[in-house]
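Engineer: Residues per chain, in single letters:
Number of protein chains: 2
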Amino acid sequence: MTSDQFTETQALNHSKFLWVYDTTLRDGAQREGLSLSIDDKLRIARELDRLGVPFIEGGWPGANPKDVQFFWQLQEEPLMNAEVVAFCSTRRPGKTAEADPMLQAILTAGTRWITLFGKSWDLHVTEGLQTSLEENLAMIRDTIAFFRHHQRRVIYDAEHWFDGYKCNPDYALSTLQAAIDGGAEWLVLCDTNGGTLPHEVSTIVRDVVQFVEHRAEIRKQNPVAGNPQPPTPNPQIGIHTHDDSGTAVANALAAVMEGARMVQGTINGYGERCGNANLCTLIPNLQLKLGYHCLDADRLTKLTDTSRLISEVVNLAPNDHAPFVGQSAFAHKGGIHVSAVERNPLTYEHIRPGQVGNCRRIVISDQAGLSNILAKARSFGIELNKQDPTCRQILHHLKMLENEGYQFEAAEASFELLMRQALGQRQALFEIKEFHIYCDVIRGSCDLIRGVDEWRGRSLATIKIGVNGQDILEAAEGNGPVAALDAALRKALINFYPEIAAFYLTDYKVRILDGAAGTSAKTRVLVESSNGHQRWTTVGVSGNIIDASYQAVVEGLEYGLLLQNQAKAALTS
Amino acid sequence: MTSDQFTETQALNHSKFLWVYDTTLRDGAQREGLSLSIDDKLRIARELDRLGVPFIEGGWPGANPKDVQFFWQLQEEPLMNAEVVAFCSTRRPGKTAEADPMLQAILTAGTRWITLFGKSWDLHVTEGLQTSLEENLAMIRDTIAFFRHHQRRVIYDAEHWFDGYKCNPDYALSTLQAAIDGGAEWLVLCDTNGGTLPHEVSTIVRDVVQFVEHRAEIRKQNPVAGNPQPPTPNPQIGIHTHDDSGTAVANALAAVMEGARMVQGTINGYGERCGNANLCTLIPNLQLKLGYHCLDADRLTKLTDTSRLISEVVNLAPNDHAPFVGQSAFAHKGGIHVSAVERNPLTYEHIRPGQVGNCRRIVISDQAGLSNILAKARSFGIELNKQDPTCRQILHHLKMLENEGYQFEAAEASFELLMRQALGQRQALFEIKEFHIYCDVIRGSCDLIRGVDEWRGRSLATIKIGVNGQDILEAAEGNGPVAALDAALRKALINFYPEIAAFYLTDYKVRILDGAAGTSAKTRVLVESSNGHQRWTTVGVSGNIIDASYQAVVEGLEYGLLLQNQAKAALTS
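Respectively, the protein sequence lines represent chains A and B.
The numbering of the first sequence is the working numbering, which starts it at 5 and goes up by one.
The numbering of the second sequence is the working numbering, which starts it at 5 and goes up by one.
If you're looking for bench data, these hints aren't it; they were derived computationally from the structure.
All of these numbers come straight from a predicted model, not from anything done at the bench.
The reader is advised that the hints may include incorrect statements.
It does not matter which identical chain is used: a pair holds within one copy or between any two.
[Stated by the list, open to error] Listed next, the in silico DMTMM-like pairs over lysine to aspartate or glutamate satisfying Cα-Cα at most 25 Å (straight line):
#	residue 1	residue 2
1	Lys437	Glu481
2	Lys403	Asp43
3	Lys170	Glu353
4	Lys513	Glu316
5	Lys437	Glu503
6	Lys468	Glu481
7	Lys390	Glu131
8	Lys513	Asp444
9	Lys293	Asp174
Make a model of the complete structure from these sequences and hints.
Structural biologist: Below, the structure is given as structure tokens:
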């Protein structure tokens with residue numbers, strides 16, 4: 005369902021259709037630590053379009069050069085289905101809409117839909133805008149009418165709706181009346197400060213639905229005199245929530261159950277302070293549990309990928325514990341669970357993970373029982389027997405290493421190598437004899453203001469390895485010590501294993517295990533590698549960050565070679 | 005309110021009293037990536053006790069040596085007020101409770117309260133336990149009666165309550181009846197799979213409250229024949245929720261509004277898969293918004309500290325975006341917000357941050373406007389004038405550095421140094437001329453199984469600095485390259501600044517800025533330092549992890565000296 009079909013569908017019984025409105029690019033970008041380039045914004049918009057989101061709020065054209073350019077680029081290469089929506093505020097107090105350059109800039113963005121936010125809370129009108137309550141109503145009405153006059157369709161965001169309604173319900177409702185009079189097609193109730201709880205949302209949305217139905221009835225009987233606009237359909241209600249009370253998703257659900265038909269939120273719940281309603285949680289709840297239609301069912305299975313891809317674009321680590329799409333959302337750890345979930349998944353999983361494109365995981369950890377080890381082995385394609393003493397040996401070894409700080413939950417490639425080693429299935433492809441690293445930094449000053457360009461640095465690594473009975477000594481330089489070491493290792497190995505030319509590192513994470521010990525603490529390094537088709541993660545732990553990195557890098561190369569051999573074996577068998 | 009007062013308070017009108025039950029140490033520890041030592045468990049228990057939590061679930065005595073020892077240590081050094089509760093399952097099918105060694109082990113933990121979980125869902129009885137529905141009822145009743153016989157008070161956790169009730173309400177209710185007959189004082193309804201939504205919780209809890217009231221009435225008229233127990237008060241209802249639908253907190257609120265009087269959850273929402281109900285969100289909602297009494301008001305102000313301290317103990321980065329207690333929960337970023345929130349906080353904050361021990365923050369970032377810079381300067385005790393061209397210069401410089409990858413949101417100490425530099429208030433305490441680092445690793449093999457003990461490694465750093473016109477050259481060794489560099493720098497500085505002996509690093513975080521470039525990517529290092537009283541964070545960015553670490557370490561020392569000088573100046577003025 006695209007927004008094009010909105011008017012048509014209104015004629016149908018659409019009580020189970022919901023319009024998803026994504027504001028990752030605007031409200032989401034307010035999150036502390038998140039900053040989007042134009043390319044990032046375009047990638048995210050195209051990803052949301054592929055997911056089937058009908059409305060994508062792109063930004064405030066004119067607020068900064070980035071947002072202007074974003075809308076221009078989309079005019080040249082439009083999205084497939086989604087409507088990109090421009091966002092802005094009402095006209096300035098005491099001026100006409102036509103004379104407001106900010107509103108003219110909005111029109112140049114060339115969108116069909118515009119989301120306009122206005123003040124619902126009397127306190128914000130008098131204290132924030134420092135204008136009269138009457139003028140605020142005129143600002144809402146005029147601005148919407150201005151956009152209607154320019155053939156734009158308007159979504160009205162009632163800012164601070166719930167707080168405003170609680171303080172002064174009559175005035176708050178009169179702002180909605182102004183939006184209706186201006187010709188808004190959607191009235192979106194915003195819990196801007198995020199302080200409202202679900203039972204309050206239910207009551208207030210119920211009041212608004214009644215108010216809108218009642219007014220629409222009156223309006224049908226007495227059309228507004230002199231309104232030049234063609235009659236618009238009854239405005240629909242939308243909901244926009246924030247997570248300051250930890251109930252953003254529940255608040256949106258409560259609103260939908262009272263009749264709201266648009267849900268606004270962001271991917272992964274990004275947003276200012278505690279974030280916005282997380283669409284990756286909200287959509288599956290609405291669609292799989294309450295039977296509403298938000299996305300086509302085959303699109304819903306892209307949700308997990310979309311969530312993770314966007315977290316990569318914005319360069320924030322994904323929340324492994326996120327409902328539905330997190331890596332741990334369907335992870336089973338305790339021994340009892342694991343055997344039960346394998347017998348009957350329904351007894352331990354609230355939905356089938358595949359419905360949102362996620363999958364079940366059996367977690368390896370220091371709480372692992374034998375049944376976890378067996379399940380994990382099976383997922384690696386290794387047949388193990390519970391009676392086999394190697395099983396207990398692997399479990400014992402695993403616990404010992406985890407005690408030292410290794411974490412195999414996140415480094416399954418290293419765990420597979422460990423398991424294959426215990427089973428005598430791990431070939432020693434090469435042997436590291438020694439390595440040396442030299443870093444020299446000569447700098448003019450420790451002056452941050454004058455910048456980091458003044459120093460000259462160099463990292464050089466030498467490495468000696470044994471391969472096929474030969475000793476190979478190589479040296480290489482790099483940006484930093486780990487890059488130098490990686491380069492030297494590859495140089496030494498490439499003649500024996502030319503496949504490694506296709507491997508590259510996709511992520512590198514460092515965690516200090518005992519923060520209190522500072523730079524002397526143990527370091528755990530996780531390295532993610534790729535061959536262009538597959539990704540795998542390996543782990544290294546040491547008191548020395550170089551050595552921990554080195555362990556993870558070496559295992560990453562080794563695991564890549566193992567995958568390559570398995571692929572070859574599969575082809576020839 | 006401690007649990008001691010529970011029976012007494014029952015006589016009072018306690019409709020607004022709630023009992024908080026923390027299960028961080030048991031259900032929370034199921035979180036992927038979380039592993040607790042006995043010391044960790046004891047520290048967390050004492051912290052929860054200080055916070056005023058009346059019930060702390062400690063673990064399952066006998067399940068592993070750690071939990072046994074935990075309870076023994078608490079018998080020797082008991083908590084101040086909280087009840088530590090032992091957790092276990094019902095007796096085995098087909099045996100008596102007295103003959104079950106698992107239940108005997110629970111008694112040795114010496115707790116006054118025991119939480120027993122039993123099956124509510126017929127499917128789990130027949131498929132999971134593989135016993136009859138009747139035997140399950142007997143298991144619940146007998147086990148509780150066994151504990152009552154041994155003078156224990158019992159909380160009954162109805163596992164999979166909501167799913168079970170939806171499948172077979174009659175059977176589910178008969179399990180509660182068995183718990184009532186056994187003598188349980190609390191019936192806790194558990195949404196074990198986390199799939200239930202708030203409106204379902206409301207309906208089902210309402211049914212249970214009615215059921216319990218009705219049964220209690222009948223029982224008063226017809227006491228159970230042959231029940232040797234003294235009559236127990238009417239059991240109360242509790243709620244235990246998981247966040248798989250993103251509604252754990254809302255579900256608990258819904259249950260309380262229908263009459264539940266115990267809320268179970270974990271600090272920071274730790275728990276299996278997507279976690280348990282987050283007590284740091286639930287408690288302020290209940291207490292500040294719904295007017296229930298969970299903690300004494302002066303204890304509530306310790307919530308933020310408790311949340312952060314426990315995240316340190318479990319060694320997981322705190323969630324900056326957590327409601328109420330997150331570092332960003334009351335952070336203001338956009339320019340309009342900042343000026344408005346300073347005029348009237350109520351218009352942009354749903355509670356006063358101090359009520360939960362948190363505080364307002366004005367965020368410095370590439371979206372910063374001049375008013376943010378001014379607000380930030382004020383918080384550093386620096387008076388700046390908006391007209392001063394230095395303001396714009398700082399803003400410009402900030403944006404340039406953030407573009408390079410610096411992030412001052414998390415490194416306020418570095419930002420203060422930058423600001424003081426622009427204002428000519430930063431003294432060059434020392435000048436780094438050059439440094440060199442040597443790492444040698446000579447190892448027997450790259451064999452993970454045979455362990456990391458076989459290699460010999462060494463990191464050595466030399467550094468040349470200029471202080472007071474003198475050149476100082478020093479060398480030091482360390483666990484790793486950064487530790488060696490830190491040691492050499494301190495050695496060079498200690499004669500000039502003996503105060504640095506008291507500084508130490510409390511955390512060290514590394515983030516790769518462009519994951520796709522792997523080990524050649526830019527590295528951002530955040531270093532947290534302390535002088536025992538205060539903590540501060542500094543940042544370094546470079547393509548070379550050593551250099552980035554070095555920048556952050558140097559600024560950490562410099563900022564520590566600045567704090568020391570300010571303290572001295574305050575004393576003499």
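Engineer: Which hints, by number, does the structure contradict?
Structural biologist: Result: no hint breaks.
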